[in-house]
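Here the protein sequences come in this chain order: A and S. If you count the first sequence from 1, position 9 lands on 9 in this note's numbering, and the numbers rise without skipping. For this note's numbering, count along the second sequence from 1 and bump the result up by 269.
Treat each hint with caution, since some may be false.
Here are some, though not all, of the chain A residues that point toward chain S, as calculated from beta-carbon distances under 7 Å [what the hints assert, rightly or not]:
hint, residue
1, G53
2, Y79
3, R82
4, K83
5, M87
6, F89
7, S91
8, A93
9, F95
10, P107
11, E110
In case anyone wonders, no lab produced these hints; they're calculated from the structure. In this text, a Cβ means the ideal position worked out from N, Cα and C, and glycines have one as well.
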Amino acid sequence: MKNPCHLEIKNMCFSRGDRLLFDNLSFEFERGKITAILGPSGIGKTTLLKLIGGQLSVDSGEIIFNQTPLHNCSTAELYQARKKMGMLFQSGALFNDLSVFENVAFPLREHNHLDESLLKILVFMKLEAVGLRGARDLAPQQLSGGMARRVALARAIALDPELIMYDEPFSGQDPISMNVLLKLIEQLNKNLGLTSIIVTHDVDEVLSIADNVYVLAEKSIIAQGTVEEVLADTENELLQQFLHGRSEGPVPFHFKTEDFQSDLQKVSR
Amino acid sequence: MSAFVSAVGRVSLSFVRTTGKSCLMLFHTVAGAPHPKLFSLFIKQIFQLGILSLPIILTSGLFIGMVLSLQGYNVLVDYAAEESLGSMVALSLLRELGPVVTALLFAGRAGSALTAEIGLMQSTEQLASMEMMAVSPLKRVIAPRFLAGIITLPLLTLIFNVVAIWGGYLIGVSWMGVDGGAYWSVMQGSVEYMPDVMNGVIKSVVFGVMITWVALYNGYHVIPNAQGISQSTTQTVVVSSLLVLAMDFILTVFMFGM
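Starting from the given sequences, assemble the full structure and let the hints guide the process.
Next up, the structure:
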């Protein structure tokens, strides 16, 4: 059974410079579900998250979060909406000059006037949720890549958001860190009732925890639905090439250029 | 010819675009309600930009004062006017050398550090993550640095002037044998508060605004890679130094030339 829609994108178009990235795309993100957005590198997956977060503006179309339009709202309204969103950046984006504790405390200090002891309890709870309470006094430079992602995750959930966006959470992670992150994302989604959007090209990992999937390619959505529905679509060659990581298929291995032999002839002339 | 015209057009458009973007950034930084913790963030930046710049300001001030005094003495002694040394040293420093040299040193030390810091925050998505936490980076990061830059440079200039005048005294009086009383009394008689001291301070406030603005703009709009950060840092030092020299001429014309 479908959950009510938490975030909806309708007929969105977006270009960067002369390059059209999204051509009339529509998405529906169900409340409390994990939605994976898959697609090859450079297709604009991170840009999509920035559009949802209001860091970029759509050329046309609508973005509706909690029945509130975000595409044409004021800065104050956008900032109110952002308090209900969390985002895990690809790099972690931890503040280098703050300790792990202070990084997680940052959004709480900025938006609430909490007693120091209450603040400590809240930060400890968030760090405990990602298994890094013991690392609270470390500097971000002392953390491994996986630990930094987990601290960033603790910070992203500090304000108890309703929606959380993950930008390539598994890239550059060793198998242990990747499994830890997968379990964390799944647990947080279940325990906190979050709506999660995961942007990635790690197909197998994300499909193991996702409820719904969108696959992007060539400025449009080439497949969408539940994980089972998408996997069952064997007719779609582009989708199959991406899901199974084949080098040959509709997406060519070679970048567009002239014939190799004529290129060589030019050199020898 | 058409290539030349198109190049001029391209440069002009880029100049207009950069000026517009930087004005817009400054407007969003200073307009509206300030960040609630602005004061404590500002104090931290006073330390970063001011206190940490003190070693280079003190050392440069001392040596520039000593050199100025030595050269001045060599010229004045030919006319038996070496007792005017204090006046020459103080007026040169207060009106021109103090504000300009301090501004150039500030652009090299603090301006480049600001661009590199903000540029790194931008390229590691720290500013983007702040935005996603509903915290405005312009109010939280840029505003306190901008304010600190404006306040710090005049203070550093005053410190530079004091040390340089003392350096001039060391050479003129202790080494060359100019009368100490004459050094101070001639200086006291020729230096006036408004036209000399305050005009120097006004100059350094203007330089402070320009250097900090250029540094923050270059950091905020950095190309997010190693080469981009290095390019922006260099650009900060070059552009702000040239702006300081050009603006100094314009201000001097208005203050002393009419």
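Each hint tested on the structure:
1. G53: It holds, given that the least Cβ distance between G53 of chain A and chain S is near 5 Å, below 7 Å.
2. Y79: This hint holds: Y79 of chain A lies near chain S, its Cβ roughly 4 Å from the closest one there, short of 7 Å.
3. R82: holds, 4 Å
4. K83: Given a least distance of 5 Å, the restraint on K83 of chain A holds.
5. M87: holds, 4 Å
6. F89: Holds. Min distance 5 Å.
7. S91: For S91 of chain A, the interface hint holds, since the closest Cβ of chain S sits about 5 Å away, which is under 7 Å.
8. A93: A93 of chain A check passes; min Cβ-Cβ to chain S is 4 Å, inside 7 Å.
9. F95: holds, 6 Å
10. P107: holds, 4 Å
11. E110: Holds. Min distance 5 Å.
Violated hints are absent here; each numbered hint is respected by the structure.
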